[in-house]
Amino acid sequence: MTRGADLALVAVLLLAAAAALVFGGPAASPGEALAALSGSGSPEVRTIVLGLRLPRLALALVVGAALALAGAALQALLSNPLADPFLLGISGGGAAAATAAYVVLPAAALGVVPAAAMAGAAAATGLVWWMARGPLGPSSTRMILAGVAVNAATSAAILTMLALAPSPRLPGVIAVTMGSLASASLGQVGWLAPYVLVPAFVLLLHGRDLGLLATGEESAAALGVEVATVRRRVFLAAAALCGGAVAFAGVIGFVGLVTPHLCRLVWGGSTRRLLPRAALAGATLTVLGDLLARRVLAPAELPVGVVTALLGVPFFVALLRRSA
Amino acid sequence: MIDQIGDGVPAGPIRRVVTLAPDVTELAFAVGAGHLVVAVPHAADFPPEAVGLPRVAPNDAEAVLALRPDLVLATTAGNDPRVVQRLRQLGTRVCSMDVTSFARLAGACRLAGEVLGLQAQGERLAREVEERSERATVRARVLPRRDALYVVWWEPLIVAAPGTFHDDLLRRAGLSNLVPGSAGRYPRVDPELLLSPRLEVAVVPDERDLREGFARAVGSPAGARLASGAVRVIWLAADIANRPGPRLPAALEALVAAREAAERRASGVVDPGSVPPPTPEKQTPTNQRRST
Chain X
1 MTRGADLALV
11 AVLLLAAAAA
21 LVFGGPAASP
31 GEALAALSGS
41 GSPEVRTIVL
51 GLRLPRLALA
61 LVVGAALALA
71 GAALQALLSN
81 PLADPFLLGI
91 SGGGAAAATA
101 AYVVLPAAAL
111 GVVPAAAMAG
121 AAAATGLVWW
131 MARGPLGPSS
141 TRMILAGVAV
151 NAATSAAILT
161 MLALAPSPRL
171 PGVIAVTMGS
181 LASASLGQVG
191 WLAPYVLVPA
201 FVLLLHGRDL
211 GLLATGEESA
221 AALGVEVATV
231 RRRVFLAAAA
241 LCGGAVAFAG
251 VIGFVGLVTP
261 HLCRLVWGGS
271 TRRLLPRAAL
281 AGATLTVLGD
291 LLARRVLAPA
301 ELPVGVVTAL
311 LGVPFFVALL
321 RRSA
Chain E
1 MIDQIGDGVP
11 AGPIRRVVTL
21 APDVTELAFA
31 VGAGHLVVAV
41 PHAADFPPEA
51 VGLPRVAPND
61 AEAVLALRPD
71 LVLATTAGND
81 PRVVQRLRQL
91 GTRVCSMDVT
101 SFARLAGACR
111 LAGEVLGLQA
121 QGERLAREVE
131 ERSERATVRA
141 RVLPRRDALY
151 VVWWEPLIVA
161 APGTFHDDLL
171 RRAGLSNLVP
181 GSAGRYPRVD
191 PELLLSPRLE
201 VAVVPDERDL
211 REGFARAVGS
221 PAGARLASGA
231 VRVIWLAADI
241 ANRPGPRLPA
251 ALEALVAARE
261 AAERRASGVV
271 DPGSVPPPTP
281 EKQTPTNQRR
291 ST
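Chains X and E are the protein sequences, given in the same order.
The first sequence begins at 1 in the numbering used here and counts up one residue at a time.
The second sequence begins at 1 in the numbering used here and counts up one residue at a time.
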């Protein structure tokens, strides 16, 4: 059953990726896209499929996997089903810094917005860690409370900047805060993919420790887990994943929060095995969400976070009711 | 009297007018009521007589009330409808303009004249808007119809859809909007649309942010057809093209003139693909000043 579900997940991911390339946008028909993928077709359609749809697909895969992996790790680390990069203020920090850059910088300098987002996410991470510290290191409860406080502060900052932003800049600011994969390029993916590999590897490496931590700090320590070290590494790795995602795609909600729960409800099992499944499921959800965001009102685009929420919530509620 | 959003405007003498947007500021001056205007929004920069007037924040109902206006001129193109409604609830006489086409622009001119007690001037201005826009529309009828976008922002790509005065501007200039009306008035659209083989013309307001956004778009994969010149980019002076005010006919005239010049150039060469417009040219309207 579990193996079958794993295979089904991989199959859905591959189908979603193929659909994103073939049905992805308004400018090339599925037939033209298939021709371009097979090496024929006009140069214009090849540019559309390989120059626009492929980078967008790749970014959706990386961002979705990063967010879901970060969410799964944080939920296990903090033993809290509501923990995710948003609750902890990490996404908010990235979004606030990106918004500030968008509002303040001249248009010619907007290329540094991703760097600002990553710096903001890192600053929020440091702030949460600093606020949550105690004599025995930061506790789960204090980290969540500190995250809520940082999140509230960054939300206030974003709203203030939205109120004060010059009106021509508002569309860009809204795209940052609502999430979008529209500006994906192979250069971005080429930069982001190696960047997320290291923290993803750190999280997968600590899968067993996270499983033990999810049962409680004392029992985990009794079983040989170096709680403080694992907590620090996992938190920083999850924050790095989230910072990378926010930098290039803005704030895409829901994926980090609910994807791990979906995986738990489908597969159950250990945290160690949950992590790679969450990454695959997050990538799938984000690719499908972006595809629907582009197609439902084409050529208009919906915010991808709205669609991922609309896709995931009914499925999540159904599974929740069934498990109850 | 009923304004363009369907609310009643009580009759009465007008001595103090506050305008809440640049387009209605221009409208008040164009119908000859400039001497009645006591405050304008910060963005109002035309006509020159408006520049020296006191400024008011359009979203600050308290500041507007403090000016004791007999009439507030508002617009759906930028004013917060809650603030406008609040002013009305507090007993202020408010007239809201909702210009989504040249026909409604002429209606706004008549309404402004009527509300301000300057019916003849309002009627004259409305006729001028109608005649100039009709002349430009007739000129454009001989041009080949081409698919186009009116670009409001490059990244993310935001364009004007049917139901906006920008769409009417395209239509009257012989251009077909590539964006359907189902997407909302100013939807964010898939950047892939820039690579659609159907897209032949992009009309863009000429301002610094959009120029810099264009430079970035041209360097991106989505901007390949912009860079090659397959999509002709026509820049219109931003202050006339972005405001649904009495100078809007000048934007239409400039757009039609730019199209005529482009078609002449295209017909004069054997290979239309060799027409080299990767560096966009600014189209300056022959008459950017007041339409009165």
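Worth flagging that the hints you see were computed from the coordinates, not collected in a lab.
Here a beta-carbon is modelled for each residue, glycine too, at the ideal position from N, C-alpha and C.
Heads up, some of the hints might be wrong.
Chain E is nowhere near these chain X residues, computed Cβ spacing over 12 Å in every case [claimed, not checked]:
1) L15
2) G24
3) L34
4) A115
5) T160
6) V176
7) M178
8) R208
9) A228
10) R294
11) A309
Computed from the model, here is a short list of chain E residues facing chain X with C-beta under 10 Å [claimed, not checked]:
12) D45
13) F46
14) V189
So, going through the hints one by one against the coordinates:
1. L15: With a cut-off of 12 Å, L15(X) remains clear of chain E, as the shortest Cβ separation is near 21 Å.
2. G24: Violated, because the least Cβ-Cβ distance between G24(X) and chain E comes to about 7 Å, which does not exceed 12 Å.
3. L34: 16 Å, holds
4. A115: Correct as stated: the minimum Cβ-Cβ distance to chain E is 16 Å, above 12 Å.
5. T160: 14 Å, holds
6. V176: Nearest chain E Cβ is 10 Å from V176(X), so the label is violated.
7. M178: 9 Å, violated
8. R208: Correct as stated: the minimum Cβ-Cβ distance to chain E is 42 Å, above 12 Å.
9. A228: 43 Å, holds
10. R294: 5 Å, violated
11. A309: Answer for A309(X): holds, closest chain E Cβ roughly 18 Å.
12. D45: Interface hint status for D45(E): violated (14 Å vs cutoff 10 Å).
13. F46: 17 Å, violated
14. V189: Since the shortest Cβ distance to chain X is 4 Å, the answer is holds.
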